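Chemist: Residue numbering for the sequence shown follows UniProt numbering, beginning at 1 and increasing consecutively.
Derived CB-CB ranges, DEER-like:
(1) Tyr172 to Ile66: 26 to 32 angstroms
(2) Arg59 to Arg109: 34 to 40 angstroms
(3) Arg104 to Ser169: 23 to 29 angstroms
(4) Met80 to Gly163: 24 to 30 angstroms
(5) Pro52 to Ala190: 25 to 31 angstroms
(6) Arg71 to Lys125: 32 to 38 angstroms
(7) Gly95 to Tyr172: 31 to 37 angstroms
(8) Asp108 to Pro177: 18 to 24 angstroms
(9) Leu126 to Glu72: 31 to 37 angstroms
(10) Glu72 to Val161: 42 to 48 angstroms
(11) Glu72 to Ser169: 31 to 37 angstroms
(12) Arg71 to Gly163: 44 to 50 angstroms
(13) Ala51 to Tyr172: 23 to 29 angstroms
(14) Pro177 to Pro52: 19 to 25 angstroms
Calculated from the structure, these hints are not laboratory results.
Keep in mind it's a predicted model, so treat the numbers as computed, not measured.
All C-beta atoms, glycine included, are put in the ideal place defined by N, C-alpha and C.
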Amino acid sequence: MREARLGIWGLGICAFMLLVSLPGTSEADEGMPLQNQINISYLFRILRSYAPDRQTTERQYGKPDIVRENREHPYEIRSMPDGSRLVTMYRSMGGLVEDEWRLRRLPDRREFDALAPGTTAEEVKLIDPYFTVLSGSDPDKGTSEHRLRDQGLATVAYAMVEGRWIVRSVSYTERDPSGFVSKLTPEDRAAFMEP
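Please build the complete structure, drawing on both the sequences and the hints.
Modeler: See below:
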């Protein structure tokens, strides 16, 4: 019991530290407004204190086009007005939102390999139009995460230069910690592989 309480306190302290070090999000460029603030880091999402439920999601975005009620990873897919799709994944217990990702397609790692340091966020937007740059305690540095079709994760590091986000580097995680792509049915996964 004592160990469980210590674990909960430890998680709470980690969440607090993350919220202190990531005070806000910002758009990719002043001249390039993003459509939403959905595509945020999975770690940040699971540590936040608020998670909407299915009813809240439906009130905000309307009825889903596709509902997948599999036991371990239930999710819904909604068509958005601009032709993109919003995938909302729920916790199997309680039905709270575990993850949301807006996309037209899953990008390929080679697309991010082509981003050289000095590239603007405008060019990143051509690959993944719905990304969100999270800036931490240093507002002149930020990162964005991009889920890949090979089930990996691309993390782009930026520097703010003359009011614009400029790419500093791109790094990869072999397996996206959210498991987003692996949780999709083969049919849904195939639909996001199309150009």
